[in-house]
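Q: First to last, the protein sequences are chains G and C.
Start counting the first sequence at 1; every next residue gets the next number (our numbering).
Start counting the second sequence at 1; every next residue gets the next number (our numbering).
These are computed hints drawn from the structure, not numbers from a lab.
The beta carbon of each residue, even a glycine, is placed where N, CA and C say it ideally should be.
Just so you know, not all the hints are guaranteed correct.
As the list claims (entries may be wrong) - With the C-beta cut set under 7 Å, the calculated list includes, among others, these residues of chain C facing chain G:
id, residue
1, 57
2, 58
3, 310
4, 320
5, 365
6, 370
7, 371
8, 393
9, 396
10, 398
11, 399
Stated by the list, open to error - Covered stretches of chain G, as calculated for chain C (at least 3 residues, CB under 8 Å):
id, stretch
12, 90 to 101
13, 174 to 186
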Amino acid sequence: MQTRPVIQLTEIHKVYQTGEVEVRAVNGVTLNIMPGEFVAIMGSSGSGKSTLMNMIGCLDRPTSGTYFLDGIDISTLDRNERAVIRNAKIGFVFQGFNLLSRTTALENVEMPMLYNHARITNAEQRARAIKSLELVGLATRSDHKPNQLSGGQQQRVAIARALVNQPSLLLADEPTGNLDSQTSIEIMGVFQKLNEAGITIVMVTHELDVASYCKRMIILRDGKIRTDEWVAKRLNAEFELNKLRAAQQAVKLA
Amino acid sequence: MMRLLAPFKIAARALRRNKMRSLLTMLGIIIGVGSVIAAVSITTGATKQVEDKVASLGQNIVTVFSGNFSSGGMRGGWGSAPTLTVEDSRAIKNEVDNVVAVSPEVRDRSQILANGQNWNTQVLGESPDYPQIRDWDIVNGAMFTDGDVRALSKVAIIGKTVVDQLFPTDDPVGQTLVVRNIPFKIVGVLESKGFNLFGQDQDDVVIIPYTSHMRRLSKRTFVNSIMVQAADKESIVQVQTDITTLLRDRHKSAEQDFTVRTQLEVMQMATQTSRVMSVLLAAIASVSLLVGGIGIMNIMLVSVTERTREIGIRMAVGARGRDILIQFLIEAVTLSVAGGLVGIALGMVAAKVVAASTGWPTVTPVIWIGIACFSSAGIGIISGFYPAWKASRLDPIEALRYE
Ligand SMILES: Nc1ncnc2c1ncn2[C@@H]1O[C@H](COP(=O)(O)OP(=O)(O)OP(=O)(O)O)[C@@H](O)[C@H]1O
Ligand SMILES: [Mg+2]
């Protein structure tokens with residue numbers, strides 16, 4: 001049997017009714033994403049990227065169309081069943097970081113495990129949260145609160161939180177949106193490592209060079225898919241990072 | 001087990017993060033529960049004191065007073081109408097079942113002289129059964145006898161206060177006491193009993209045979225009252241009924257000219273006040289707890305609105321409506337129960353302070369501690385439910401977008 005798509009969207013529409021005006025945020029998207037893919041969704045502001053991501057992440061329901069996640073028909077699930085799916089299968093990194101303020105990085109990362117179906121002991125929660133923070137290179141800051149962390153560090157806490165329940169699907173809405181180019185490359189490095197480990201990743205980005213770390217690139221316009229192609233010249237984050245460091249070194253030496 | 005403990009962990013974190021607000025929210029419940037516990041402790045102590053006093057009247061007592069309290073006011077006061085006789089008391093002893101002791105009682109106040117001192121005190125005429133009826137021991141010497149009653153002997157037993165006044169240093173037994181120029185020989189001293197229900201010193205008393213009192217001192221043919229002791233608690237009512245029937249039959253007057261009171265009735269009358277107090281307390285309690293509950297609901301509603309984003313984040317990572325509901329309910333219940341516990345402690349301390357400064361005894365009934373715990377938990381659930389339900393119904397996307 002051929003491997004089944006993780007994400008199978010058919011004629012997805014999302015219509016917002018604000019007063020008199022009808023906004024077709026997503027307007028007929030059909031899309032299959034296979035396990036192990038690394039997809040970038042691009043498009044201008046307001047083209048429906050976040051709306052689409054929220055529906056893929058089972059946070060929002062399409063106005064019409066069908067969505068199968070891992071073979072499960074999401075449109076038939078109620079809100080609690082969708083919550084369970086979000087917890088077990090999906091790691092979501094939000095456009096804003098959406099961390100709990102006045103809560104340490106470690107507690108933020110532990111949070112999804114509090115709602116896990118499986119019984120996880122306190123010690124194991126801690127161990128897993130720390131492992132997750134290590135994965136994004138932030139283990140030393142585990143007892144810092146979000147307001148004590150830089151934007152890039154907060155973004156990594158958000159990624160660590162998305163990974164802690166070992167999801168098979170990682171969704172990220174502009175994970176590098178507010179980051180400088182070096183930090184962006186570092187984050188893409190983390191993503192590439194995760195993808196190599198077998199996690200399917202779908203991320204939204206505005207920047208073409210960020211998209212070129214992915215394997216597949218989809219461009220939305222007015223809620224419709226305009227372009228869907230494989231990334232031709234894929235970049236390697238580790239390599240790019242070394243190149244960047246060398247360049248910085250050269251500037252300093254000069 | 002983790003899934004059971006997780007909501008407590010989340011609630012504890014949320015409350016710790018907002019310590020001052022949590023404390024202020026609890027204040028309503030603390031004050032409510034605290035004042036209730038303090039008031040209950042004080043009234044229960046007072047009631048217990050009254051009950052002890054009533055018990056100090058003796059065991060299973062039925063008292064017959066002359067006159068009828070329930071008709072036409074209290075003409076001349078209790079026990080003043082000349083209707084009861086020594087024969088009535090004899091008839092009660094002989095004809096009523098389950099009567100173990102009877103004492104006709106004659107009361108008088110007199111100036112008494114002894115040992116070169118004088119003192120104004122109550123002089124009672126009683127039968128030898130009296131100490132048994134009143135459950136009152138003779139600590140020195142012995143009670144006078146039936147022989148003394150028949151012989152109209154000039155003998156007396158005296159209370160502790162009289163001893164203190166007239167014989168501060170010597171042994172009073174064997175000494176002489178003069179009442180209205182008649183010398184009585186002191187044969188016994190009663191144990192100290194303290195003040196009675198009406199604040200009278202029960203130890204300020206001289207007791208002589210009722211015959212001696214009626215013939216030698218007061219020159220009366222009627223007694224003020226008759227004290228009867230029933231065999232046990234169960235027979236009190238029967239004894240009361242039988243005495244009523246017997247005396248009505250004997251007196252043959254159109255209107256009942258005597259009153260029969262049992263100790264139970266006295267107890268009920270005496271505790272009436274504290275029962276009224278209890279009802280009042282319950283009312284105060286409900287009002288203050290209601291106010292506390294509204295305080296909690298108010299803060300929880302504010303908290304839900306304030307934490308809309310947090311709720312959205314939790315839902316986004318997989319919290320179900322139920323998880324959010326439980327989280328906020330537990331926060332509310334934690335607040336109210338913690339407030340309740342602090343209130344119980346403070347209420348008991350306040351009662352102790354009152355006890356120390358006024359000398360009233362205070363008793364905190366365990367049941368009220370239970371009621372306080374239970375109702376504060378209940379208030380938490382009731383006042384927390386609506387905000388928690390509201391939180392659980394939020395849509396994750398809209399909650400995340402909330403500013
Ligand atoms: N709750 C809503 N009510 C009404 N309209 C909405 C709502 N959410 C989104 N929209 C509209 O849907 C369209 C798509 O929005 P969306 O957030 O998906 O854009 P986006 O591609 O993520 O943009 P950006 O790059 O700025 O994040 C926009 O025109 C927006 O105004
Ligand atoms: Mg967006």
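Q: Look at each hint and say if it fits the structure.
A: The hints, checked one at a time:
The beta carbon of residue 57 of chain C comes no nearer than 64 Å to any beta carbon in chain G, farther than 7 Å, and the hint placing it at the interface is violated. The beta carbon of residue 58 of chain C is not positioned within 7 Å of any beta carbon in chain G (closest approach about 65 Å), and the interface hint is therefore violated. For residue 310 of chain C, the interface hint holds, since its Cβ comes within 7 Å of a Cβ in chain G; the closest pair sits about 6 Å apart. The restraint placing residue 320 of chain C at the interface with chain G holds, with a minimum CB-CB distance near 4 Å, inside the 7 Å limit.
For the restraint placing residue 365 of chain C at the interface with chain G, the shortest Cβ-Cβ distance is roughly 40 Å, beyond the 7 Å limit, so the hint is violated. For residue 370 of chain C, the interface hint is violated, the least distance from its beta-carbon to any beta-carbon of chain G being 32 Å, above 7 Å. For residue 371 of chain C, the shortest C-beta to C-beta distance to chain G is roughly 34 Å, which exceeds 7 Å, and the interface hint is violated. Contact between residue 393 of chain C and chain G, as hinted, is not supported at the beta carbon level, the nearest pair being about 9 Å apart and thus beyond 7 Å.
Checking residue 396 of chain C against chain G: minimum C-beta separation of about 5 Å stays under 7 Å; hint holds. Evaluation of the residue 398 of chain C hint against chain G yields a violated restraint, the C-beta minimum of about 10 Å exceeding 7 Å. Interface restraint check for residue 399 of chain C: the shortest CB-CB distance to chain G comes to about 10 Å, outside 7 Å, so the restraint is violated. Counting residues of the stretch 90 to 101 of chain G whose CB lies closer than 8 Å to any CB of chain C gives 5, which reaches the minimum of 3, so the coverage claim holds.
Look at the stretch 174 to 186 of chain G against chain C: 0 of its residues bring a Cβ nearer than 8 Å to a Cβ of that chain, fewer than three, so the hint is violated.
Comparing the model with each numbered hint stated earlier shows that hints 1, 2, 5, 6, 7, 8, 10, 11 and 13 do not hold.
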